Amino acid sequence: MSHRPRLEDIHPVREATQSEDQVKGFWSELLGVGELYYELGVQVVELCVATSHLNGGLLPLQDALRRLNARGARKNNPIAEDDIVRAVRKLRVLGAGVEVVQLGRAQYITAIPGELTMDHTTLLQFAERDSNEPSSRGRITIPGVCADLGWTEERARRGVEQMLRAGVAWRDDVDNSYWFPAVFQNALS
1210 MSHRPRLEDI HPVREATQSE DQVKGFWSEL LGVGELYYEL GVQVVELCVA TSHLNGGLLP
1270 LQDALRRLNA RGARKNNPIA EDDIVRAVRK LRVLGAGVEV VQLGRAQYIT AIPGELTMDH
1330 TTLLQFAERD SNEPSSRGRI TIPGVCADLG WTEERARRGV EQMLRAGVAW RDDVDNSYWF
1390 PAVFQNALS
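Just so we're aligned, residue 1210 is where the sequence shown starts under my numbering, counting upward by one.
Hints are computed from structural coordinates only; laboratory data are not their basis.
What you are looking at is a predicted structure, and each value in this text was computed from that prediction instead of being measured.
Note that beta-carbon positions come from the ideal geometry of N, C-alpha and C, so glycine has one too.
Among the hints, a few may not be true.
What follows is a list of derived Cβ distance ranges for each label pair [stated by the list, open to error]:
1) 1311 to 1263: 16 to 24 Å
2) 1301 to 1381: 13 to 21 Å
3) 1383 to 1278: 34 to 42 Å
4) 1289 to 1357: 15 to 23 Å
5) 1314 to 1359: 43 to 51 Å
All chains, please: the whole structure from these sequences, using the hints.
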């Protein structure tokens, strides 16, 4: 039985006997990508880890593009959204962990333990929907989900609770609502 490395199994420290070119060559061969996508894939994973405490592992693609292009070496040679999407797709060879998903009008990079179910994706799309009040974008309530999506309270609560545990959603105990920080932050930018 072969063991495919998972994203969380990868450690950026190489053995002392390996040169940087040997390490890049290994990952480029495993992932089937050139040096650009290898490096970009590593940077995307680092960015997801660095921002996960802010967004629960759901990073708007536009935010990732802005942050990556703001780095010094990229100012004269910016990357495009398509470059990030390609780099993330190439990481699939490592198993579940990082992917690009479309939620409403925006794309997000997910770096959430486990995978998003259809219910999770539907809840995120519901939170991302246009609202009469821009300040409520990224916010849902269980009664609102039940009324608009036709779900049972148990189904809505189960999906939201799973997302709370993963850190993708935050609970607002004042008005019994739930916020998806990545969606809310994306609506403000």
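Against the structure, the hints come out as follows:
no. : hint                     : in the structure
1   : 1311 to 1263: 16 to 24 Å : holds (21 Å)
2   : 1301 to 1381: 13 to 21 Å : violated (35 Å)
3   : 1383 to 1278: 34 to 42 Å : holds (38 Å)
4   : 1289 to 1357: 15 to 23 Å : violated (35 Å)
5   : 1314 to 1359: 43 to 51 Å : violated (23 Å)
The structure fails to meet hints 2, 4, 5 from the earlier list, while all remaining hints are met.
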